[in-house]
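Chemist: Residue numbers (my numbering), protein chains in the order written: chain A, 1 to 305; chain B, 1 to 504; chain G, 1 to 287.
Please note that the accuracy of each hint is not assured.
Unchecked claim - Computed far set for chain B versus chain A, every beta-carbon distance over 10 Å: (1) Asp143; (2) Ala296; (3) Glu302; (4) Arg408; (5) Gln411.
Unchecked claim - Only pairs whose alpha carbons sit at most 30 Å apart, straight line, appear in this in silico DSS-like list of lysine-lysine: (6) G:Lys10 <-> B:Lys449; (7) B:Lys337 <-> A:Lys250; (8) B:Lys452 <-> B:Lys472; (9) A:Lys40 <-> B:Lys351; (10) B:Lys351 <-> A:Lys37.
Quick caveat, the hints were computed from the structure, so don't treat them as lab data.
We put the CB at the ideal spot given by N, CA and C, even for glycine.
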Amino acid sequence: MAAPAPPALPDLTRVTRVDEVGVTERAARFQARSVKKASKVAALRTVLSMIDLTTLEGQDTPGKVRQLCRKALHLHDALPGLPHVAAVCVYPTMVAVARRALAGTDVKVASVATAFPAGMSPLEVKLADTRRAVEAGADEVDMVISRGEFLRGEYGYVFDEIAAVKEVCGAAHLKVILETGELGSLDRVRQASVLAMHAGADFIKTSTGKIQPAATMPVVLVMLQAILDHYRETGRRVGMKPAGGISNAKLAIHYLVMLHETLGPPWMTPGLFRFGASSLANDVLMQLQKEATGRYQSPDYFSRD
Amino acid sequence: MARSDTRTRSDTPTRRAPANPLAFQEGWSYAPAPESTDHVAVRERYGLFIGGDFTDPAQGGAFQTLNPATGRPLATVAEASEEDVARAVAAARKAFKGPWGRMKPRERAKYVYRIGRMLQERAREFAVLESLDGGKPIRESRDVDVPLAAAHFFYYAGWADKLEYAFPGRTPRPLGVAAQVIPWNFPLLMAAWKLAPALACGNTVVLKPAETTPLTALRLAELIRDADLPPGVVNVLPGAGATGAALVRHPGVDKVAFTGSTAVGRGIMKALAGTPKRYTLELGGKAANVVFEDAALDQAVEGIVNGIFFNQGHVCCAGSRLLVQEGVADEVVEKLKRRMDTLIVGDPLDKNTDIGAINSAAQLETIERYLRIGREEGAEVYQSGQPLPGEGYWCRPTLFSGVSQSDRVVQEEIFGPVLAIQTFRTPDEALEKANNTPYGLSGGVWTDKGAKVFRMTRGIRAGVVWANTFNKFDPTAPFGGYKESGMGREGGLHGLAPYLTLEG
Amino acid sequence: MAAARIPVSKTYKLFIGGQFPRTESGRFLPLHDGQGRLLANVCRASRKDFRNAVVAARKAFPGWASASAYLRGQILYRIAEMLESRRDGFVEELTLQGAARRAARSEVETSIDRLIHYAGWSDKYTQVFSTVNPVSSPHFNFSIPEPTGVVALIAPPDTGLLGLVSNLAPALVGGNTVVALASERAPLSAVSLAEVIHASDVPAGVVNLLTGRAEELAGHFASHMDVNALVHCGDDALSAGLQTAAAENLKRLVLRTGRDWSGDDAQDPYLILDTQEIKTTWHPVGG
């Protein structure tokens, strides 16, 4: 048996073009869907199970991370039978803390790496950053691409960088953050998605959360369509993680509608779709509580973290 | 019984969607989300709107209008006879010679604005009624038909006192009494397209809505009465073909505006021969939607879907012929089928419905006749596999591939959710195929290359060409056909001319 | 004493596809002057001649429609120049066909000026009649006039040259190709105009001129399925029948019967607009 061919840089000039107005119109159509009753409850529960509960602050401490992990496991015990979130996402220095707090559970530990969020460090620093996160117990690594290199056309550099990080990741899942808010056009988003998937990304992710705009429905739609085409070409299912800006349940449900009508049921799982969010969970919980009681809710009744 | 028969026929003979690992039907689905109807009262009987009041028809004729999603009657509607036509035309003439004709244009404008405003206030009511009576999804009547109708009144209202700026070197004057005959596919919107410019230009109107969809025009008549327009400025006469024929032939009519089939339009042009009546005709189409391999394919697929499945394909400017460049044909068709499988066919009043009911049993029969013809012509048929409701008139989104330019399903207007797919190799071939039709209403082109956009949009012989988009409408944008798709324009500055004389 | 020179008389033929054929039917119409002297045996065109002319006009249409506005203006101007250079001949010919000399002179001069008028519109009428439409969605949207296609023209009967020029020029400058039927009463000027057109860089088939009987040919003008518009300046009694026949392919019917073409008010860009279609183009504005 021949060894599998090493990943090769695709010709980005051949990547399907994107029309921004058309994408925006289509994205708006998902928002016209009305999701009610049982389908709403199912959607809300699915959203919870897809959340990467995130804290990425300079002021993060082990105490803060431990609280977050506790929340990840006990979203709202007053509502029995809730799923737990998919993962807790932290800086590399906090991985070990999270790992200990989540030991023996199914909640994954995700770590940003590669000189997050700007990524403006030499490759060896990024690889060391990644290695450290993995060694500390990260199940998942959220890396950033070198946007400057990408924008000046150094696609090979970006491709090799992703491939190198992927290698260091080993068994850990690699999410590649495109930081779409810095890419300037949807054509660039699509090209970067294709590049990242070919370089070995297990997930592609919109944003660090540190740059505006972060995730938007049109941007995510373009990435989902790229994922679908990648699946058609290679048979490999790449996951999607919108991050930043998805702070309410209604919007999250619209993302789920978009996922459902673009990639379909096989992607409707935490294994292939995540929400990177810090405040989404509580809004979803309030909605679930409202569906259960018929009363509109107050945030005072739900723990912050 | 007949209904369930027709439904079964459209069900059986095609290759169903393959067992798709990504099939939409599996797993999570949307719960019913019906639009509330409790604020919309449908009356049992509707009269004729003549001279500012609802009256009974002279000869007592009436017909039923059905809800095509159930096949059950919604209301009994008076049918106007020749005698009623004469009464309405006389009322319109009186208003033209009287208050409306004497009114200052800026005052006239305020009435037209008022109609637009009141339509906005009652938007949801009109949307629900439109979907009930015509079968179109509430998402479309709510988001497209009604807002656009209101926008038309707003746009044209503003022209009323500015007409001399639209026609340099001329002094425009109104024509008099306009006879307007509108179709069933956009009942309220077509009423707005016709009424707004006619009124803004100072004419009075006798409007005949289609016999399967009279309710929103009659509700609009109520609104116009509430808006306090002088009696006789707008008259609404429900009825079928005979009513329309009597109206366009009436000697008191100065102008005829018709939207409908090419066959009827041709008949009207003949009927008006030898009279001084002016006429504008918006007729059929068989538009080509041309997709090049350098197009933004995912958006092109959306455009194809919007082009043919919008309003169940009951659209004269529908992109009913897909011309796709050979290099991307398989990919486009695969994406298209996938997208078709996500379309929800069903209750027009459900907010999630993408494709509603076929407007009438007669239209469903026409569509199904073409489905048979397509199969007989050897086309490969694909229909998405959604379940259809048990009663009413329905047709699944349908593709015909492997068809030729000489096939009837490529040449003739089907007016349903049926797309014929052909391939091409070069831009010249695409243009030749696109223009090889007696129609010329609309066309579409999808390419990322700017120069090619303009070559194609210039080359397509049609009145509306959408580049990298499809089925977009706006009150400021003129709409109308080349060749057998009609004559004259509606919308925009050019839409004023049909309602004015520029002589002397 | 030298013998008197015998003048060479001209054969008046049809003008189809840039050629001057006789009618395929072999028929002719004798045309006499006021004294009853034979002026010419004019071709009496048949419906087949008309059919051939439509084929030529259709073939010429794409090229003429896509010629630059500047070029179309130059060519119309060139027709005017050539007409000017042959002014006396046209005056003479009109006089022979019964016009008073002064009226003939005025008709020729007005015809020349009319061509100049429309030549000047070539690159302006689209500016006057186009709009950029401020649609509510993120699209760039504009509407422009485009030529209707092949235009059949039944020229005004009472003037041999001016009526024809007044109706030919607006159709032509707008990018249409034309098949015209000359005035039956004074057909010679039309044939001579064809010779001028032939010498004026007008591409073959863009203008086609027939002589013959309106009563015989008008119905075919109206019913031909490959004619896009009919401009009727002839007998108004024909109008109803023409509209009925024109309806068969939704032909645009422009009725200009009984009009006086001599004044300055007989020319304006709205006559160009009569044989134009408005095309609206949409394109997204985005990235």
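Chemist: Now look at each hint and say whether the structure bears it out.
Modeler: Now for the hints, and whether the structure bears them out:
Non-interface call for aspartate 143 of chain B relative to chain A: violated, since the shortest CB-CB distance, roughly 7 Å, does not exceed 10 Å. The claim that alanine 296 of chain B is not at the interface with chain A is violated, since a C-beta of that chain comes within 10 Å of its own (minimum 4 Å). For glutamate 302 of chain B, the condition that its CB be more than 10 Å from all CB atoms of chain A is violated, with the nearest at approximately 5 Å. Every Cβ of chain A is farther than 10 Å from the Cβ of arginine 408 of chain B; the closest lies at roughly 32 Å, confirming the non-interface assignment.
With a least beta-carbon separation of about 29 Å from chain A, glutamine 411 of chain B lies farther than 10 Å from that chain, consistent with its non-interface assignment. Simply put, lysine 10 of chain G and lysine 449 of chain B have alpha-carbon atoms about 56 Å apart, too far for the 30 Å limit, and the pair is violated. In summary, the hint linking lysine 337 of chain B to lysine 250 of chain A is supported, as the alpha carbons are separated by about 29 Å, within the 30 Å threshold. Straight-line distance between C-alpha atoms of lysine 452 of chain B and lysine 472 of chain B comes to about 21 Å, which keeps the hinted pair within the 30 Å bound.
At roughly 15 Å between alpha-carbon atoms, lysine 40 of chain A and lysine 351 of chain B fall within 30 Å of each other, so this suggested pair holds. Of the supplied pair hints, the one linking lysine 351 of chain B and lysine 37 of chain A holds, its CA atoms being roughly 14 Å apart against a limit of 30 Å.
Hint violations for this structure: numbers 1, 2, 3, 6, all remaining hints satisfied.
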